[in-house]
Structure formats: structure tokens, C-alpha cells
Amino acid sequence: MFSKNPVASFMTRYFEPVWESVRAVPIVRIDFGGGKVLTRTLHGNILTSVCTAEGHVLDALPGIYTETAYLDRLNQLRLMAQFTQQQPQAKRTEWLRSYHQRQAEALKRNQTGETFAASKFVAPITKAGIERPVEVVLVEPQPKATSEMPKEKPMPTNVAKDDVANWKALEEDTRLNESTRRRQIHELLADAGLVTPDKMKRPIYKDVLHADLDDPYLGLGKVLFETYPFVKEDAGR
Amino acid sequence: MKAIWFRVLMGAAVSMGFSSAQAQEAKPLGAAAKVRLDVGKGKIEQPTELLLARAASAGFVNPKVEPGKVRWHVDFDAARAASAKSGKPVLLFQMMGKLDEQFC
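Top to bottom, those sequences are chains Y and S. For the first sequence, numbering that gives the first Met the number 0 begins at 0 and goes up steadily by one. For the second sequence, numbering that gives the first Met the number 0 begins at 0 and goes up steadily by one.
These aren't lab readings, by the way, just hints derived from the structure by calculation. No experiment lies behind these values; they were computed from the predicted model shown. Just so you know, not all the hints are guaranteed correct.
When the alpha-carbon atoms are kept at most 27 Å apart in a straight line, the in silico DSSO-like pairs for lysine-lysine are as follows [stated by the list, open to error]:
(1) S:84 to Y:35
(2) S:97 to Y:205
(3) Y:107 to Y:167
(4) Y:107 to Y:200
(5) Y:198 to S:97
(6) S:87 to Y:90
(7) S:84 to Y:167
(8) Y:198 to Y:107
(9) Y:205 to Y:107
(10) S:84 to S:68
(11) Y:221 to Y:200
(12) S:84 to Y:200
(13) Y:90 to S:68
(14) S:63 to Y:3
(15) S:68 to S:97
(16) Y:90 to Y:198
(17) Y:231 to Y:221
(18) S:68 to Y:200
(19) S:68 to Y:3
(20) Y:200 to S:87
(21) Y:35 to S:97
(22) Y:107 to Y:90
(23) Y:3 to Y:167
(24) S:97 to Y:200
(25) S:97 to Y:3
(26) Y:90 to S:84
(27) Y:198 to S:87
(28) S:87 to S:97
(29) S:87 to Y:3
(30) S:68 to S:87
(31) Y:221 to Y:205
(32) Y:200 to S:63
(33) Y:200 to Y:90
(34) S:68 to Y:167
So here's chain Y without its partners, still in its complex pose (with noise of 0.2 Å):
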């Protein structure tokens, strides 16, 4: 997704943006034999949270997202940072934390939740209008039964049978971020207000992302060991 342009210049344009490991990824390599070998990663999750300068957690989106939604959401969030520096400072963990309550009771009710906007104020002092800043306003829910994705580019109709899949997949994969996913990221930001991302890190990726980063084995341990038929004798040991 970083090496396309669109992406890469929104991303570059309005965030100071920074990439960090949270642990090692899990790789699986199968050597079929006659030069024929699957690498591929097990497991693997991403993080996009949007912070202030102080360090602070604004807002997070979980996993994977198609290119349009990734877009979309990641307007959304450069768009609440400002509003938020638009509140007064001694407010702002009061107005943050109420915030993502009323996002996860939205998406509770499988609503579409506040949304921002930037509108500009055009003042008419002389023939030539004289341009405000932007400012950014929240636009309060419309009573939708639903909440609605940004309508995706239609894929196009050229593409391989993989590819359609993998196309589908990452559909459901925005679906789901966007819902449960989305909702319980609200919870915890309302209940921790202003917190750095160290301390959000792991309890995002066990409860939300489904992956315990303090756990060796990433949850694939049972998987792994529990049919191995020596594991008395090497308790033993």
C-alpha cells in the first residue's frame, strides 16, 4: 500500500509519519524438494494510530484496510487531530474520552458515528473575499440504519481468481476493522483518555488484533505442541 502514490503522498502530506516493530513476524518456509520453496508469514498485524506531538493516542485504526477506506479513515483522523487542537487545553482529555464513547455507542448500534469536516470561512470585506484558515467542525451522525464504507473503486474485471479472492478478503478484513474492531478501540481510548502508545500496544493487539504479543507463540502453541507425542519425556528432561 506505501508504494502507491496516492498513499504514499496523502500519508507524507499531512502526518509525520513513522513505521516501528512491534516483535518479530512469524515465517513459515516449506521446502517441497527439487529447488521448490513457500516462504510466507504467519500472524502478522498493523497498527495505524494517529498521535500528537506530545506522544499522546488520538485515535487507532486496526489491521488491514483496502487503499479507499485507508484513505478515507486516515482523512478522518488528520481532520479530529485538528479539532482537537482547536479545544481548549485543560478539555481536551474531557473531550477526547466522550468522543470515543459516543463512537462506540454508535457502532454498537450499528450506526455510522460523528464525522469531521474542514470548512472554510470566507469573509466579504471588500469586493475580494478574504480566506480564514481552515477550521474543522463535527458533523453529527445522520440517522442512517447502518454504517456506511466509502464506496470502493470497483476492482477491475482482468484479475486473476487469486487475486479476487485475496480482493474480497481484505474487503471483509475493512468491514470487520471497521466495526467490532473499531468499537472496542473506542472503548479502551475512552476508558484510558490521553495515553501513550506503549501503553496501548498490547492490549490492542491481544484483545482486539487476536495476537498476545507477550505470548512466544503468538496463541499457536496448542496448535503446534499439543500432538507432538514426546512431550512427557522432554518434560522429563
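Since the structure of chain Y is provided, determine the placement of chain S on it from the hints.
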């Protein structure tokens, strides 16, 4: 030239012979008698954890790649410092593995 080459070869042979002799001298008498021959199948077949650990260090090299076209800061603190100057929020992308490796 030939004489120099012969001396180098002889020197290597002598030092190897000397090392072997040393190794042989270090082994106490009767050490061979203490080796158990009746070991169980579990001891011969390596436990899964050891296999996994050895496989991990078996020489697989994860090829380096460009981490996309985004202009990434080197770390979170650098991004925060840039954010304080520019007014743009920090975007922290966390993942398993490394973004500049092929398999991540």
C-alpha cells in the same frame, strides 16, 4: 615463490597437527567408557522447541526492500519533534516484522 608457498603449507599442516594433538591430550583417559548407548527415541528426535530455534537461525535471510514511498521518520521521538514544528499529527504505523524486509 615455490619455497615460500611450501613453507606456508608446511606451517599450516604443522599447526593443524599440533591442534589435534592438543585436543587428544585434553581428553581424559576412560572418557569413552562413560558414553550411554541406550538412549530413548525422544532423545534422538529433537524436541520441537529446539527444532524451531535451529530453523530460525538456519541461515534464512529476509531480503531488504524499500519501505514504500512514504518519507518515514527514523523513530517516534523524531516524528514527535517534527510534529511539534509542523503542526501535523504523528502517524505511527506498528507491525510485526519490519517494513523494510520482504517478508513482513
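Each hint, compared with the structure:
1. Under the criterion of a C-alpha separation no larger than 27 Å, the hint pairing residue 84 of chain S with residue 35 of chain Y is inconsistent with the structure, at around 51 Å.
2. Between residue 97 of chain S and residue 205 of chain Y the alpha-carbon distance is near 19 Å, which keeps this suggested pair within the 27 Å criterion.
3. Between residue 107 of chain Y and residue 167 of chain Y, the direct Cα distance comes to roughly 24 Å. Compliance with the 27 Å bound is thereby established for this hinted pair.
4. For the hint linking residue 107 of chain Y to residue 200 of chain Y, the alpha-carbon distance of about 23 Å falls within 27 Å, and the restraint holds.
5. The suggested pairing of residue 198 of chain Y with residue 97 of chain S holds, with an alpha-carbon distance near 21 Å, which does not exceed 27 Å.
6. With a C-alpha separation of about 21 Å, the suggested pair residue 87 of chain S and residue 90 of chain Y falls inside the 27 Å cut-off, and the hint holds.
7. Only pairs whose Cα atoms come within 27 Å are accepted, and residue 84 of chain S paired with residue 167 of chain Y is rejected, the gap being roughly 41 Å.
8. At roughly 25 Å between alpha-carbon atoms, residue 198 of chain Y and residue 107 of chain Y fall within 27 Å of each other, so this suggested pair holds.
9. Note on residue 205 of chain Y and residue 107 of chain Y: the hinted pairing holds, with a Cα-Cα distance of about 21 Å set against a maximum of 27 Å.
10. Proximity of residue 84 of chain S to residue 68 of chain S is assessed by CA-CA distance (about 22 Å); at most 27 Å being required, the pair is judged to hold.
11. With a CA separation close to 24 Å, the supplied pair residue 221 of chain Y and residue 200 of chain Y stays within the 27 Å bound.
12. At most 27 Å may separate the alpha-carbon atoms for a hinted pair to count; residue 84 of chain S and residue 200 of chain Y meet this at roughly 26 Å.
13. Restraint check for residue 90 of chain Y and residue 68 of chain S: the C-alpha separation of about 37 Å exceeds 27 Å, so the hint is violated.
14. Among the hinted pairs, residue 63 of chain S with residue 3 of chain Y is consistent with the structure: their alpha-carbon atoms are about 19 Å apart, no more than 27 Å.
15. The hinted pair formed by residue 68 of chain S and residue 97 of chain S meets the criterion: a straight-line CA distance of about 15 Å does not exceed 27 Å.
16. In summary, the hint linking residue 90 of chain Y to residue 198 of chain Y is supported, as the alpha carbons are separated by about 22 Å, within the 27 Å threshold.
17. Only pairs whose Cα atoms come within 27 Å are accepted, and residue 231 of chain Y paired with residue 221 of chain Y is accepted, the gap being roughly 15 Å.
18. Distance hint between residue 68 of chain S and residue 200 of chain Y is fulfilled; the C-alpha atoms sit about 25 Å from each other, no more than 27 Å.
19. Proximity of residue 68 of chain S to residue 3 of chain Y is assessed by CA-CA distance (about 7 Å); at most 27 Å being required, the pair is judged to hold.
20. For the given pair, residue 200 of chain Y sits about 22 Å from residue 87 of chain S by alpha-carbon distance, which is consistent with the 27 Å threshold.
21. Distance check on the hinted pair: residue 35 of chain Y and residue 97 of chain S sit about 25 Å apart at the alpha-carbon level, within 27 Å; holds.
22. For the given pair, residue 107 of chain Y sits about 26 Å from residue 90 of chain Y by alpha-carbon distance, which is consistent with the 27 Å threshold.
23. The suggested pairing of residue 3 of chain Y with residue 167 of chain Y holds, with an alpha-carbon distance near 20 Å, which does not exceed 27 Å.
24. Restraint check for residue 97 of chain S and residue 200 of chain Y: satisfied, since their Cα atoms lie roughly 16 Å apart, inside the 27 Å limit.
25. The straight-line distance between the Cα atoms of residue 97 of chain S and residue 3 of chain Y is roughly 18 Å, inside the 27 Å bound, and the hint therefore holds.
26. Simply put, residue 90 of chain Y and residue 84 of chain S have alpha-carbon atoms about 23 Å apart, close enough for the 27 Å limit, and the pair holds.
27. A threshold of 27 Å between alpha carbons decides the hint, and for residue 198 of chain Y with residue 87 of chain S the separation of about 22 Å falls inside it, so the pair holds.
28. Taking the CA atoms of residue 87 of chain S and residue 97 of chain S, the gap is near 25 Å; set against the 27 Å cutoff, the hint holds.
29. The straight-line distance between the Cα atoms of residue 87 of chain S and residue 3 of chain Y is roughly 21 Å, inside the 27 Å bound, and the hint therefore holds.
30. For a cut-off of 27 Å, the pair hint linking residue 68 of chain S to residue 87 of chain S stands: about 19 Å separates their Cα positions.
31. At most 27 Å may separate the alpha-carbon atoms for a hinted pair to count; residue 221 of chain Y and residue 205 of chain Y meet this at roughly 17 Å.
32. About 26 Å separates the Cα atoms of residue 200 of chain Y and residue 63 of chain S, which keeps this hinted pair within 27 Å; it holds.
33. The hinted pair formed by residue 200 of chain Y and residue 90 of chain Y meets the criterion: a straight-line CA distance of about 25 Å does not exceed 27 Å.
34. For the hint pairing residue 68 of chain S with residue 167 of chain Y, the CA-to-CA distance comes to about 26 Å; that is within 27 Å, so the pair holds.
The structure fails hints 1, 7 and 13 (numbered hints given earlier, in ascending order).
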